[in-house]
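Order-wise, the sequence lines are chains A and B.
Residues in the first sequence are numbered consecutively from 1, following the UniProt record's numbering.
Residues in the second sequence are numbered consecutively from 1, following the UniProt record's numbering.
Worth double-checking, as some hints may not be accurate.
Just so you have them, the derived chain B footprint on chain A, three or more residues with Cβ under 8 angstroms [to be verified]: (1) 117 to 131; (2) 160 to 167; (3) 203 to 216; (4) 294 to 302; (5) 307 to 321.
Cβ-to-Cβ under 7 angstroms is the rule here; a few derived chain B residues that face chain A [unchecked claim]: (6) 222; (7) 265; (8) 285; (9) 471.
Derived DSS-like pairs: lysine-lysine, alpha-carbon spacing no greater than 27 angstroms straight-line [what the hints assert, rightly or not]: (10) A:298 - B:286; (11) B:26 - A:298; (12) B:310 - A:208.
For the record, the hints were derived by calculation from the structure and aren't laboratory data.
Note that beta-carbon positions come from the ideal geometry of N, C-alpha and C, so glycine has one too.
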Amino acid sequence: MTSEINTTLAQWSELFMYLAAITYTVAFLAFAWDVAANSRATLKAENEAELEPEKELVGAGAPAKARASVKNINSVRVSSTEQGTGARGMGYKKSAEAKLAGHVADSSMRWGTSTERRPAARVAVVVLAIGAVIHLAAVLSRGIAAHRVPWGNMYEFCTTGALIVTAVYLITLIFRDVRFVGVLVSGLAVLMMCAATIGFPTPLGHLKPALQTYWIWIHVSIAVLASGIFTITFAMAILQLLQTKREKAILSGETPKWNFMRLVPSSQALENFSFRLNAVAFVMWTFTIIAGAIWAEKAWGRYWGWDTKEVWSFVIWVVYAAYLHARATRGWSGPRSAWLSIAGYCCILFNFGVVNVFFQGLHSYSGL
Amino acid sequence: MANTEKDAPALGPLGMLRWAWTQLTKMSTAMFLLLMLAVAAVPGSVYPQRIQDPTRVTDYIETHPTWGPIADKLQLFDVFSSFWFAAIYLLLFISLIGCVLPRAKKHWESMRKPPARTPKRLDRLPVHRTLTFPTEESGLSPQQAMEDARAILKKRGYRVDIRTEHGFTSVAAERGYLREIGNILFHTAMIGVLIGVAVGALFGYKGQKILVEGDTHVNSLISYDSFTPGTNYNPDWLEPYSVTLDKFTVEYDRQEDSPSYGDDISYAADLTFTDSKGKDQKQTLKVNEPVRVQGSNLYLSGNGYAPIIKVEDGEGNVAFEGPVVGLPTGDPNYTSSIVLKIPDSSPDQLGFVGMFLPTGDYAATKAPVSIDAAPLNPTLVLQSYYGDLGLDDGTPQNVYVLDTATLNPLNTMAMGNGIVLTEEANQAELPGNRGTITFEGYKRYVGLDVQYDPGQGLVLVSALLVFGGLIISLFVPRRRVWVTAQETQIDGTKAIEVEYGLLARGEDPRLVLEADKLTDIFADRWGLEFGED
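This is chain B alone, in the form it adopts within the complex:
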């Protein structure tokens, strides 16, 4: 039997596991995984990420036909949900658990045991002191000195024990057990953060909705412009409430000499919430001030202008009337792109594309531009097209993009008959008796983000515990002190020699100060006076 064991040096499956476990829970492996995690996160900032901006990802893949699809296969656009990123952090967390569990067990045991054994030689310790003084008058015995030391150390928060080892009696003291508890708390709470994140990803949701003044959003799947449920979230769980945007107010910097003149200073959206029982409640939504409603949170994530446009077709019927959401082009003066598709007009379907300018101005250029973010001179600049919009065959289209390639131009800037509408001149005829377009004013709209994250609370609590644990584990010193006393003589008179050594476990830059402090307290107790050297 013994031979077979010798002949089989290969590890069994259990042995392999044990070996892997030992390797994984090594400190150097944890270090390596930590650094890997840092490196692995970097592509997440280099490549556009789907969780932030799926359009940029699509653009990237289109502009890099070779590398794009490969990068996509490598999950470079979904770094933080990629298998390799997950592999690293899961290994790291397993390593962490493998590290923390034995340490917790060990600490639990050490907390129930008396302080560590006294070393044979205290003078080998990092900090070592000896006090030698005569005891003729006081008659202090070594036993009494150690009793005093025990009491002093106990008062300073040490756990103390008097014992006889190696043939001499000593006081053993230890403090700072909290340090290791902090350390374990820090690492355990990290697991809490991970679980909280997972709960949010499984059972939360987020949705976006563009809401024009006067419109109402009913909290159901169909009403959202985009909706991303968590892996295990059922949209039927959405709380039945509705929200109406009553008014959106923007405040501008109107100080003449201010460098930020004309910039937006504050936004406020007045909302009315109606719960499932039909009860109304008014609330103001601001940036940095989300509104919490029935478990989910509403955030103000964007805003813009929606010009109200009325289109009558060639037969005099109203083919369209209402606000058209303009997408801000990123210009601080809120130049917003407008696309309007009118499939229900005759004789032809109509398409409009152009810009809404809050403050249109001709001064500098031929084409009007916006010179202020506020609606001081609302102007609508449009080109119009007729033909087949391609909506009838059911192919989904982006409502904010009009493909003009297959359409015939009616009014364009190039042809010199582009439509420019203002509050005064608010109507234009479309050539060839195809109807009229009227600019009836504008409304503001807001971009609402609705979010529900049931893991958020757990993440917050865990993060605070991480923080607390970190502070404790770094700044509560773990110290051991041993004190021993014996009779001796100074110049033939009776004296006592008190010897004490200090040892830090982990970082403790103030160990020497602690020794100084102990020296002072001992001196005080035994009536010793020091002079300057």
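Here chain A stands alone, though its shape is the one from the complex:
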């Protein structure tokens, strides 16, 4: 016998979902405020710097040495140098790097490298974390109310997906100062929550027989997690493109626009970091496809049948495979690889939003 659905808890879950969406909106606004405030602050700093051009030059050369983990004591002398890693990850030449130094954030993205005070960003992170806790309560209570995984239809994919995006972002924040993508990530989380609550509201029900198997745990959870990481690298790819354009302007001696981009690391650092995230997410996506194929064999009698969802999962896999290869291909790193990352994410959005709702196929679990 299937356990009964706890409808009271389900209603609480829906209420918490709205609360989480509102909290995320506040976090988004705070992140946006941070960007705006920094736009002004950096303008001010720039004006001051123009008065004291010498000062900035000194600052420009310094970070390269200061950040190296030099350990020094009376009798032991240690010196160290490091550049980017990987064949294509070397980045700009020292001279170019020095030119960019004041205009982009530290490429290690470690905490404590910048002394700038960003109260709005602090508030944003705290509010986002509070939102995530409320959101977690909402998702968990939905799952508990129905005694099943909370990812059985579009509403649930969206809400769980948004939670994963926020969680991945908050976990990344523990290790790296990636507040610069906050606007984009919290914005996307808000969009996903709106899509769920306005676009695909679905009352809590039992799963269809086809979904009642432990494979939904394995297949869907990893798919949602991978999509969450791809969301963050998508945001980084956009920033990378903007930053590349800006760096070009700076290197050719123009006054850079978009002052808030000063909070964002160099395009090279963004590319390196999102490559690492994308590599992890690609492994997860490969797993999703293999687990999906094993499940498909159990449920539908064939491991692969070019169902629309399968076609698009394949397309996504191929696009990100191309992305991974791009790094080892001459002329394909930099903006082109960012575009591949964006194209891959568009395919994910399409696979999720359009295929689930408008296309006929075996994966029609939208609940609409």
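Chain B: place on chain A using the hints.
Positioned in the frame of chain A, the structure of chain B alone reads:
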């Protein structure tokens, strides 16, 4: 002779081949082919595909009389078996082989060679460190320091070698040979997936069978409703067994306040298998729980109702009696369409078309509708026709479609004498002494998919190797370390300078951490203490 060569700049056939090979195995070509493959797959989701739903393809061609046939010529309805899709993936696989083979050879050689030559200047390497410390007390010699470094690196999984090049002695170390093996494994296993898919397409089969409760399916070609053998599959190879559907059970959501009230929650088909020796075995078939029988697999792919109908003709003979498979119309309450053709009745052939409603209800509308998926009030709503069914001339017909255009109506909703049969009122007279129809109950039926895919195991193993290879090739770092030591002086006292440089091959974001780790281990070995700056 030399002149003729100069005069012939055109490439010979061999030269052309070599040129084509070089172009094809280029990384940028592989990139291009990969992106082409992604783009080429897209029409497979836009256009209906024959492998999934041939009826939708036929409908599409009928509704698009101009574009439809052209699209068909372009194989847009068979994208994944089209010549252009095959061309792309075959080129891609050739390119892949052309890439992997030389790399495998190169890696095989590099694995048997000592670590790479020491660069002239270690400070040019991406990560470079120097440790300078006095050796008055310890008396550490550069040779000993390098011996220590060699031992430390060896312990950390590096292959090590001490050599003298460019006039100085150094330790060369390299680790992570597995990374390239993973890379080669990943790409080779992709070929395994392709071969597995091909084996399945050549030597497998799939069949469909609708099985009503109490009926038996004998595993032979003639018993299947549809059967698609692989290109090289001989239906004589079908394993002789039979399967009987004893009972099909559906569980419904009966929680009053549940939003999914009335929905199907679970299905279970109780089957009896009889093998060629006549031995019986009972098994339960469920969604997601296929039954494996003698090499092939049985899947529960659908279910529905089959009302039992008895028709007596105008002369009192039983012209038909038995379950009629109703096709669910897609409504969650299992409204199922019924078509019954009775050629053996007199004075006229009879045809019935209508709906079976598991829970018929008049409350909302004039015509009864089904308000629940469970058989709470089984109702049969039919219109009847008489005339020539067109079956006698041998033209094949769809059993689920009745062409009423050439028939004369007997009972229709429009005429106000449509037949509505329930468990209580289960019989109706056909006008003009053409007989009676009786609704005798219902049976459940299941849609069985039977599948045999001998390539499946190879695909699974290859896919797992792809996955393993991918993880290894992305996350096992390939690193080279060179260490050299020489005597020096600090403020006039004897000291030693240990210099080491690290180089990553491929992505290695943790190279700096490795350098830090080495610094710590060296410091530990030589009794150095660092203070915070």
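Hints, one by one, checked against the model:
no. : hint          : verdict
1   : 117 to 131    : violated (count 0)
2   : 160 to 167    : violated (count 0)
3   : 203 to 216    : holds (count 10)
4   : 294 to 302    : holds (count 8)
5   : 307 to 321    : holds (count 9)
6   : 222           : 21 angstroms, violated
7   : 265           : 5 angstroms, holds
8   : 285           : 11 angstroms, violated
9   : 471           : 6 angstroms, holds
10  : A:298 - B:286 : 10 angstroms, holds
11  : B:26 - A:298  : 40 angstroms, violated
12  : B:310 - A:208 : 35 angstroms, violated
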